[in-house]
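Enquirer: Each chain is listed here by its residues.
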Amino acid sequence: MFAGITFSLTGYQQFAYRFGQGGYRPDEIFDSAWSVPSRYLLEVGRRMLSTDPKAELLAIGNPLLPFTSAQLAAWLPDTGGQPAIIADQNNFPLIYVLPKRLWTETERFLLLLCCSAAKMDQALLTHLLGGPIARVKVNVRAIQAYPNASRTGWFHGVGRQHMQQILSKAALKIMERRPDWRSLPFVSYQPYHAGTVLFYNLASRAMEQSLFDKQILCASYADIWQALPSRQEPVWLDMPWLPRDGSMDELTYLSKALETLGPDFTGSHFIVFMRYSRIYNITPFHLADHMKFALGDSMLSPEGSIHARPPAVTGRCALPVEPLRLLMHLTGGWELKSYPKHDLLPLLRGLQALGCEITLIDKPEMVEHGFTSIKAGETGPLTEAVRNHHIFVGVDSFPHHFVRHVLGWPTIGLFANTKPCNSDARHAEDYAAVDSNLPCNPCSAERDCPLFGRKDCGNFITPDLLIAKILGMAQQVYGASL
Amino acid sequence: MSVRVLAFFDSRYQTSPLGTAEEAWRPLKEARPVSRQHFALDAPSSLGMYDLGDPQAAAAVVASAKSANIEGFVVDLRWTAQGYWTGAEALAPLTGPDFGLAFQWKNGDDAFWTAEASVEERAARAQTMIKAISVGTPALIGGRVGLMVESPKLLQGPAEALRLLRAAAAEAGLPGLYLMASRAEDAKGDYLKVQGYDALVDPSVPAWPSCPPNSEPNGLDYLEVMAGLKDSVEYTDRFYNYMLFTVARMINRDKRGKVLPRVFAAYYDWLEKPEGGGMHLQFKGGGRTAPNDPHYFSMFVENAMLWAQGNLPEDEQVVFMDSWNGWATGSQIEPSLLDGELITNAARNGIDRGRFMAMGRASMPKCQLDADLRERIKLLCEAASNL
Numbered sequence: 001m002f003a004g005i006t007f008s009l010t011g012y013q014q015f016a017y018r019f020g021q022g023g024y025r026p027d028e029i030f031d032s033a034w035s036v037p038s039r040y041l042l043e044v045g046r047r048m049l050s051t052d053p054k055a056e057l058l059a060i061g062n063p064l065l066p067f068t069s070a071q072l073a074a075w076l077p078d079t080g081g082q083p084a085i086i087a088d089q090n091n092f093p094l095i096y097v098l099p100k101r102l103w104t105e106t107e108r109f110l111l112l113l114c115c116s117a118a119k120m121d122q123a124l125l126t127h128l129l130g131g132p133i134a135r136v137k138v139n140v141r142a143i144q145a146y147p148n149a150s151r152t153g154w155f156h157g158v159g160r161q162h163m164q165q166i167l168s169k170a171a172l173k174i175m176e177r178r179p180d181w182r183s184l185p186f187v188s189y190q191p192y193h194a195g196t197v198l199f200y201n202l203a204s205r206a207m208e209q210s211l212f213d214k215q216i217l218c219a220s221y222a223d224i225w226q227a228l229p230s231r232q233e234p235v236w237l238d239m240p241w242l243p244r245d246g247s248m249d250e251l252t253y254l255s256k257a258l259e260t261l262g263p264d265f266t267g268s269h270f271i272v273f274m275r276y277s278r279i280y281n282i283t284p285f286h287l288a289d290h291m292k293f294a295l296g297d298s299m300l301s302p303e304g305s306i307h308a309r310p311p312a313v314t315g316r317c318a319l320p321v322e323p324l325r326l327l328m329h330l331t332g333g334w335e336l337k338s339y340p341k342h343d344l345l346p347l348l349r350g351l352q353a354l355g356c357e358i359t360l361i362d363k364p365e366m367v368e369h370g371f372t373s374i375k376a377g378e379t380g381p382l383t384e385a386v387r388n389h390h391i392f393v394g395v396d397s398f399p400h401h402f403v404r405h406v407l408g409w410p411t412i413g414l415f416a417n418t419k420p421c422n423s424d425a426r427h428a429e430d431y432a433a434v435d436s437n438l439p440c441n442p443c444s445a446e447r448d449c450p451l452f453g454r455k456d457c458g459n460f461i462t463p464d465l466l467i468a469k470i471l472g473m474a475q476q477v478y479g480a481s482l
Numbered sequence: 483m484s485v486r487v488l489a490f491f492d493s494r495y496q497t498s499p500l501g502t503a504e505e506a507w508r509p510l511k512e513a514r515p516v517s518r519q520h521f522a523l524d525a526p527s528s529l530g531m532y533d534l535g536d537p538q539a540a541a542a543v544v545a546s547a548k549s550a551n552i553e554g555f556v557v558d559l560r561w562t563a564q565g566y567w568t569g570a571e572a573l574a575p576l577t578g579p580d581f582g583l584a585f586q587w588k589n590g591d592d593a594f595w596t597a598e599a600s601v602e603e604r605a606a607r608a609q610t611m612i613k614a615i616s617v618g619t620p621a622l623i624g625g626r627v628g629l630m631v632e633s634p635k636l637l638q639g640p641a642e643a644l645r646l647l648r649a650a651a652a653e654a655g656l657p658g659l660y661l662m663a664s665r666a667e668d669a670k671g672d673y674l675k676v677q678g679y680d681a682l683v684d685p686s687v688p689a690w691p692s693c694p695p696n697s698e699p700n701g702l703d704y705l706e707v708m709a710g711l712k713d714s715v716e717y718t719d720r721f722y723n724y725m726l727f728t729v730a731r732m733i734n735r736d737k738r739g740k741v742l743p744r745v746f747a748a749y750y751d752w753l754e755k756p757e758g759g760g761m762h763l764q765f766k767g768g769g770r771t772a773p774n775d776p777h778y779f780s781m782f783v784e785n786a787m788l789w790a791q792g793n794l795p796e797d798e799q800v801v802f803m804d805s806w807n808g809w810a811t812g813s814q815i816e817p818s819l820l821d822g823e824l825i826t827n828a829a830r831n832g833i834d835r836g837r838f839m840a841m842g843r844a845s846m847p848k849c850q851l852d853a854d855l856r857e858r859i860k861l862l863c864e865a866a867s868n869l
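Protein sequence lines correspond, in order, to chains A and B.
Once you know that position 172 of the first sequence is 172 in our numbering, the rest is easy, because the numbers rise by one and skip nothing.
Once you know that position 229 of the second sequence is 711 in our numbering, the rest is easy, because the numbers rise by one and skip nothing.
If you are wondering where the hints come from, they were derived from the structure by calculation, not from laboratory data.
One or more hints might be untrue.
Said to hold, decoys possible - Simulated pairs of lysine-lysine, DSS-like, Cα-Cα distance not exceeding 30 Å: (1) A:341 x B:737; (2) B:860 x A:469; (3) A:455 x B:860.
Said to hold, decoys possible - Partial selection, computed: residues in chain A whose CB lies under 10 Å from chain B: (4) 75; (5) 345; (6) 347; (7) 463.
Every residue, glycine too, gets a C-beta built ideally from N, C-alpha and C.
Just chain B, same shape as in the assembly:
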């Protein structure tokens, strides 16, 4: 099995407890930048502003993702007024051995799990959650159904919660749960050893600014903004160099523990921050500033795949692409009006290259040095560097 790439997928583009497809697309249609430093939001081209409730539209989306070498979607699991909802039913008929589903639990919006509750109540709630993700063919990670916890810090009694979820999954006949916490590192082993997660996943772009922003406004900036002499976003928003940001995410990665990589082509969330405080990745090169660079993005993808291959157990080698259709943050891989298929092709090419390179490394056995020796080596090098 080669390294797999799963893409985050926003399934709200259909009639759901959250609204209609039309309502889900409307913010994108109506969005207007409030600063010249805000990159324009893009819009779908060949796939259109689809309604996933239309089986043909859903099939076209999945076919497009497959042609970009994506092997599955990560669909959000949300608590709504009508219970847990994923929207994955629209995708389920399109899943199979070559395209599966994993889930991201938006637990920050699920108040039940942030408060105290009896074990019985929690077990019952866990059962309804497992029922919601028992849909379609799963993209198995470590032979189990992948479930990512978006805000692990908010989970009340995390070890018990994870245990109850696993028990509910077993009861429902699932092959088990592969539980991932959205965290950059686990230096003390709190998440894997104590709470019982199987792995971590790099947090989303806004949840983990991996390097300092380019913009560090001071008091003078504030006064200039207030006097109308400067664009207010220079004070309120944070701008990051895309290359530094991505390099910082990969640097010393081996030392962060078992953290599955998350890659992204672009990110700017001014639409979600109408009062300011947005986060913007900027690609600077060739005398231009742009939201993305297809070639560099594809290098990010292939290197993340190689890292996963070299550092993760064979059936847990997954890279998460953020995202397939995150139009509101400019992170979409889908074909678009402004980029055409540049980003989609960059994703496909990066994955093609990553897979091919992984093939040449497949026969390499993993290093089996014992932990004591590895620790001794580390200490020796530290001592030698201080000489």
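Chain A extracted, bound-state conformation:
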């Protein structure tokens, strides 16, 4: 929920928006997990100005807070028509009162506001406006400890806000030290993981313009970037990507990343946080579209979404269609994302009995059952393996995303406890994301099913249905008759 008021010479207008769920109504704003609160401050201002272009001053409730128009008006003091930050007694910013020119002249600098420390944002705005801006404390109930997950979907609470404050502080230092700061590049901080890098680059390539000039990413993803370069210049971070075992927290990783990038870099680039700030799987949007919004696209209609566009690339296997060759990646990043063990052999033997040749990625334990297992950790070997198979079948993991979005290969995506629409592709005769549509999807659990306590997820489709999907696709794409 967002609220704002525009002030012009002729009066004022009140605005209210909410996070969109796919309806794309005029009062809805795209819900993007990669976007920081300041990205929403920017967007709310854009939307208000598009309705009231004569506005000179904009009052916008802090996007971290669920303001209604009435509440915003009730808490907004008279600032005498001057820009100001309205804060609670603990200096948590409540309302930003900002001039229109921040949107028309220096829009992307708004991204540097942390939206959780009024003093910090006051200092940044003082530089941006070229003069002091008031910070007005109002006597309202203090916001205090922000929850780990808010009712409007903000995620990781104070921890995330701390990380954004670190980057805001770094930006402030640049402004204090460099008179040429307005000409310095903006760089996104989104160094990991493989799928995210891929979605970032997909989003970037679908945009003519972005708020960013460069992207920070782990050097180990160079092969992904080369296979699908973005429009942003890569800044290689010479660090392994964040382990998924929790052995290092994201804040420590950020500190080390800034240290690794070095003072020359951090003193000459405005870095904007772009890891998750919001819960992504409560939305129906693809993560590449989440990224598009974070990069600056307002995402005002479904036409711009990845689900509405045909794939940029189409690939087909040149080998004879008999035998039908299948490349399968059935092990996800965590246990519940992997195809259930008890269904694995019925699936593979069923396909084998129908004359299919199967190659498995990272399934050495299946060799004793007569199946071939290969390694395809890098995009090169993966691409080579894909070209030798007619159809790729993969769980919700990087190989699946790469094969479909970069190689355009006929693909069946297997989803279980993650929400298909967040990371699938536009469905077509050569692409299908399949699951059993259980109402517990997505549960977000990693190790055990929260409902039944099992190690596997009941939302995968059963072997017989999957085989029917595979054969159906083979028939439609390759004309295979089985």
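Using the hints, position chain B against chain A.
Expert: Structure of chain B alone, referenced to chain A:
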């Protein structure tokens, strides 16, 4: 055409052969739980305890439903002392291309069709029934007027009854009938192939407990209740975990045949069971027990919509929401005093998401494998799983 969501609607909140609006609301006003384990019944907020006979009140109800993305109501067709009655006339002026009506025949209360009768008598009765549903713009399913049979097992001579209804509809100039039986599955094809239904619809919550209840009272429970040591509802009523209940309804759904999904936000019917024996769905999570959870309900809605899209012919992709105003069972979607707009918004958000996701899948052709091959695959997998 995207997947549509139609909501069951209780049209008795108006003057009718069944009473007045005031009388229809009275049980809700006077209801008092008789156990601490009974969830409180809710009451309307913004729409009030309306009288559908007031065109403005009816318009507000339909506008509210439309804003929640509901594309039509399923109105009960009842036999009364004055003939068939739906109450749909109050809604008819508000219907159109974006909001239509379908009907649920409460045939369990229609004794005529449970007994033997001549074909002529049945044909005449079918004509009066069709006349009663020829009101307003229909929410077409498969290009026809949707009519759900609530208790198909009670229908005497079902194949003939359905044939007579279709004939009466054709005679009345309707575009045909899309007949649905409230049944969970049709393993032998009795309903679709033999009797001639077009589809099944998931039965209502009390008609199909899709998983075992949490409470399985034993003899000791009985004695403790009788000795006044335990709340009697623990013995008389059945309590179900909402999540398990809904997952059980969707699990292996593809194998149940052509069954249109029914979704619901909550259900507890102690008001209708004053002597005990009520059925209660409970949502447990975050250390609390509640009658509903808006987020989870919206996931139920969107997944049911995607299932419908993937498994039903294009113009038959309908999900039934139970219900818009089932206040007596806590299943209402309408804005309420206790929930405000939480459930209404959850319905709207779930449908928004379902529609958006369906858009990304719209261009996928349906798999055209022949039945023999599908059967062969099934047998192969069964054999392989036994190895």
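Enquirer: Run every hint past the structure and note whether it holds.
Expert: Quick rundown of the hints versus the structure:
1. A:341 x B:737: Measuring from Cα to Cα gives roughly 22 Å; hence the hint holds.
2. B:860 x A:469: Answer holds: residue 860 of chain B to residue 469 of chain A is near 13 Å, not above 30 Å.
3. A:455 x B:860: holds (25 Å)
4. 75: violated (22 Å)
5. 345: holds (6 Å)
6. 347: holds (7 Å)
7. 463: holds (5 Å)
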